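Asker: The listed protein sequences correspond, in order, to chains A and B. The first sequence: position 234 = 234 (this note's numbering), numbered continuously. The second sequence: position 120 = 120 (this note's numbering), numbered continuously.
Hints should not be assumed to be uniformly reliable.
Cβ-to-Cβ under 7 Å is the rule here; a few derived chain B residues that face chain A [claimed, not checked]: (1) GLY23; (2) TYR40; (3) ASN52; (4) GLU54; (5) THR57; (6) SER58; (7) PHE61; (8) TRP65; (9) GLU125; (10) ILE143; (11) LEU147; (12) PRO159; (13) TYR179.
Some residues of chain A that are not near chain B, with every Cβ distance over 12 Å (derived) [stated by the list, open to error]: (14) ALA17; (15) GLU30; (16) LYS194; (17) THR207; (18) TRP247.
Cross-link-like lysine-lysine pairs, in silico, BS3-like; alpha carbons within 25 Å at most [to be verified]: (19) LYS393(A) with LYS95(B); (20) LYS332(A) with LYS95(B); (21) LYS304(A) with LYS224(A); (22) LYS248(A) with LYS150(B); (23) LYS4(A) with LYS134(B); (24) LYS67(B) with LYS25(B); (25) LYS31(A) with LYS67(B); (26) LYS258(A) with LYS150(B); (27) LYS325(A) with LYS228(A); (28) LYS183(A) with LYS393(A); (29) LYS194(A) with LYS258(A); (30) LYS25(B) with LYS31(A); (31) LYS72(B) with LYS25(B); (32) LYS194(A) with LYS248(A); (33) LYS25(B) with LYS258(A); (34) LYS248(A) with LYS224(A); (35) LYS393(A) with LYS353(A); (36) LYS4(A) with LYS172(B); (37) LYS95(B) with LYS67(B); (38) LYS227(A) with LYS194(A); (39) LYS353(A) with LYS325(A); (40) LYS95(B) with LYS150(B).
Hints are computed from structural coordinates only; laboratory data are not their basis. Computed from a predicted model, the values in this text were never measured in an experiment. Every residue gets a Cβ at the ideal spot worked out from N, C-alpha and C, and that includes glycine.
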Amino acid sequence: MSKKLNEEYERFASQSAPDLWSRIEEALPEKKKQTAWRKYRKIIPAAAAVLVVAVCVPTAYVAGFFGLGISRNNKSAADSVVPNVFRAVAEYEMTAEAAPQEIAEEEDMSRDTDQATEQDTNGTFQDSLNSCQQDEAEKKESCISGSEIQEDAEQEVSETMEQGRLIDLPFPEMNRTVWENGKLLSVEVKMERKDHSTTLEGGNHGTWDIDSYFELPVLQEDTKAVKKINQNLVERYEEGVEEYEEWKEDFKEAGGPKGYYCWDTYLSYNHGGIINFGVYEEVWAGGVIDRRTFSFTYDLNTGKRLNLADILGIDEEELQEALLKGFQQSAKDEPDNTLWEVFTPETLCEQLKDYEIEDFHYCISQEGEVDIWFAKYELMSGADGMQMAAIGKVNYGQR
Amino acid sequence: MCRKGKSVTEERFEQCIQRMNQGDKEALREVYEEYITYIYHIVLNVLQNKENAEDITSEFFIRLWEKSDTYKPGNGHKGWMASIARNMSVDFLRKHKREELTDEFTEGGGQNEVEIPVLGEMLIEDALSRLDEKSRSIVHLKILGELTFKEIAEILHMPMGTVTWKYQEAMKLLRRCGYE
Chain A
1 MSKKLNEEYE RFASQSAPDL WSRIEEALPE KKKQTAWRKY RKIIPAAAAV LVVAVCVPTA
61 YVAGFFGLGI SRNNKSAADS VVPNVFRAVA EYEMTAEAAP QEIAEEEDMS RDTDQATEQD
121 TNGTFQDSLN SCQQDEAEKK ESCISGSEIQ EDAEQEVSET MEQGRLIDLP FPEMNRTVWE
181 NGKLLSVEVK MERKDHSTTL EGGNHGTWDI DSYFELPVLQ EDTKAVKKIN QNLVERYEEG
241 VEEYEEWKED FKEAGGPKGY YCWDTYLSYN HGGIINFGVY EEVWAGGVID RRTFSFTYDL
301 NTGKRLNLAD ILGIDEEELQ EALLKGFQQS AKDEPDNTLW EVFTPETLCE QLKDYEIEDF
361 HYCISQEGEV DIWFAKYELM SGADGMQMAA IGKVNYGQR
Chain B
1 MCRKGKSVTE ERFEQCIQRM NQGDKEALRE VYEEYITYIY HIVLNVLQNK ENAEDITSEF
61 FIRLWEKSDT YKPGNGHKGW MASIARNMSV DFLRKHKREE LTDEFTEGGG QNEVEIPVLG
121 EMLIEDALSR LDEKSRSIVH LKILGELTFK EIAEILHMPM GTVTWKYQEA MKLLRRCGYE
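Bound conformation, chain A alone (with noise of 0.2 Å):
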């Protein structure tokens, strides 16, 4: 980087930005003096925990060594005990954290402001929290896994958890789990991003570097439904990766100097006993960008992944019926969406009448409008990139 052109940038963005500090300050609220609660809040979980440990496994082992607790095959009392220490502090850890968090809302719901551009606010504010409180998840993770109710499938995710990095998620108002009426509405998510990268031998180039990760989600929750979830996203990721070995391979003597074969993945709804993951792939292997978008949508209850018909609340018969109508409606709104340069809402109906159910891929937003993903390639030239086409609401389970 030349100095010339710092020197230059610099003093160009230096005297084009405004200055909006008196607008700012007459905006800014008091701050709350922090009370005892609020200012001790992240650290009152440690704190319990350390207590009831200090207090509570003593007490067990002692219990234990006078014969006084129940044993239970053949463990002494303090070996049945300590799970079940560990358990509390976790839940303890759950409850002490929700309480500080809804005062924390009250707050914000009290200020008028624009609720969209909140949740992003809050969500990275949150973000660089929640990252910061990832030992102490991590701990409780930990804690959780010595309980004797760990089952196999809950295992196989925490030894995930342990060998990617954990990456901040936006929007961390709608990363969290809600519980109504026995009904989980939405599922705090950790996304994992797992390291692929590599550098292989060989080929026209010598060397081939590849910078590849694939973002995992695992859904932080312990029920049947969530951990078929978990497992199916896991089964879908290790899909990823075998593709991606596929890659490697049909590239070792094309591919290079550079390249990269990503993963990203997005939490775009969690609502409603639903959650929706967009996968943006993006490939390179020197050549051609390659692009391609997919997505996974479950129902939080039942671990079903649900189709296209599914969210849209309509049989499959009734399916071209609906992408019509939602074609329509899509061009009246949006004109100058490429798609239909090319494509009337009738003849893109007729190009898409052979897909299956499987075949769509589709993202949700935050608002619950349903967006039709197609691949570069799919429907028209690589110049033209991906598609997307609005084609409705969510509407599961509705009718």
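Starting from the known structure of chain A, arrange chain B on it as the hints suggest.
Answerer: Relative to the frame of chain A, chain B by itself:
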């Protein structure tokens, strides 16, 4: 004072945050003075509209004040702030996607895909206007934010290969515009 220039350390920034947590508005002002240029151009690169960029930038600093107690040190405050500013801007765009946002910047953006001959000396703003939004953001985060390509890739949700490639392409174009 937590000043000055791009050399604000993590420690100094943290001190400002602690003072903000105590209700010290002067600490926010210091952060504002240090980072108004940085944040405003991150937002402007996305929104392409000065008026909206001013609104979102103001909102950013108000939110920083309100949520300062959620800041956790150690992850690089410039990248953290850039992520927030960009997310706020993208969110604003999403909300207003059907409205006309580009009242001033309809010309220019995205011309770097066209082969441009040597253009000679050119004002930096004119040269930058020939870059697309992502490339401008990359250049901005690199020069003013002094972030690594990896950090930039994470903020922009792009593969690192794309970021480095776009940066190199931007540099080529800026060279053609007279910047060595």
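Asker: Determine for every hint whether it applies to the structure shown.
Answerer: Right, here's what the structure says about each hint:
{"no.": "1", "hint": "GLY23", "in the structure": "holds, 4 Å"}
{"no.": "2", "hint": "TYR40", "in the structure": "holds, 5 Å"}
{"no.": "3", "hint": "ASN52", "in the structure": "violated, 11 Å"}
{"no.": "4", "hint": "GLU54", "in the structure": "holds, 5 Å"}
{"no.": "5", "hint": "THR57", "in the structure": "holds, 6 Å"}
{"no.": "6", "hint": "SER58", "in the structure": "holds, 5 Å"}
{"no.": "7", "hint": "PHE61", "in the structure": "holds, 5 Å"}
{"no.": "8", "hint": "TRP65", "in the structure": "holds, 5 Å"}
{"no.": "9", "hint": "GLU125", "in the structure": "holds, 6 Å"}
{"no.": "10", "hint": "ILE143", "in the structure": "holds, 5 Å"}
{"no.": "11", "hint": "LEU147", "in the structure": "violated, 13 Å"}
{"no.": "12", "hint": "PRO159", "in the structure": "holds, 5 Å"}
{"no.": "13", "hint": "TYR179", "in the structure": "holds, 4 Å"}
{"no.": "14", "hint": "ALA17", "in the structure": "violated, 4 Å"}
{"no.": "15", "hint": "GLU30", "in the structure": "violated, 7 Å"}
{"no.": "16", "hint": "LYS194", "in the structure": "holds, 15 Å"}
{"no.": "17", "hint": "THR207", "in the structure": "holds, 15 Å"}
{"no.": "18", "hint": "TRP247", "in the structure": "holds, 15 Å"}
{"no.": "19", "hint": "LYS393(A) with LYS95(B)", "in the structure": "holds, 17 Å"}
{"no.": "20", "hint": "LYS332(A) with LYS95(B)", "in the structure": "holds, 18 Å"}
{"no.": "21", "hint": "LYS304(A) with LYS224(A)", "in the structure": "holds, 11 Å"}
{"no.": "22", "hint": "LYS248(A) with LYS150(B)", "in the structure": "holds, 23 Å"}
{"no.": "23", "hint": "LYS4(A) with LYS134(B)", "in the structure": "holds, 22 Å"}
{"no.": "24", "hint": "LYS67(B) with LYS25(B)", "in the structure": "holds, 13 Å"}
{"no.": "25", "hint": "LYS31(A) with LYS67(B)", "in the structure": "holds, 10 Å"}
{"no.": "26", "hint": "LYS258(A) with LYS150(B)", "in the structure": "holds, 16 Å"}
{"no.": "27", "hint": "LYS325(A) with LYS228(A)", "in the structure": "violated, 34 Å"}
{"no.": "28", "hint": "LYS183(A) with LYS393(A)", "in the structure": "holds, 21 Å"}
{"no.": "29", "hint": "LYS194(A) with LYS258(A)", "in the structure": "holds, 19 Å"}
{"no.": "30", "hint": "LYS25(B) with LYS31(A)", "in the structure": "holds, 10 Å"}
{"no.": "31", "hint": "LYS72(B) with LYS25(B)", "in the structure": "holds, 19 Å"}
{"no.": "32", "hint": "LYS194(A) with LYS248(A)", "in the structure": "holds, 17 Å"}
{"no.": "33", "hint": "LYS25(B) with LYS258(A)", "in the structure": "violated, 48 Å"}
{"no.": "34", "hint": "LYS248(A) with LYS224(A)", "in the structure": "violated, 36 Å"}
{"no.": "35", "hint": "LYS393(A) with LYS353(A)", "in the structure": "holds, 21 Å"}
{"no.": "36", "hint": "LYS4(A) with LYS172(B)", "in the structure": "holds, 15 Å"}
{"no.": "37", "hint": "LYS95(B) with LYS67(B)", "in the structure": "holds, 23 Å"}
{"no.": "38", "hint": "LYS227(A) with LYS194(A)", "in the structure": "holds, 20 Å"}
{"no.": "39", "hint": "LYS353(A) with LYS325(A)", "in the structure": "holds, 14 Å"}
{"no.": "40", "hint": "LYS95(B) with LYS150(B)", "in the structure": "violated, 29 Å"}
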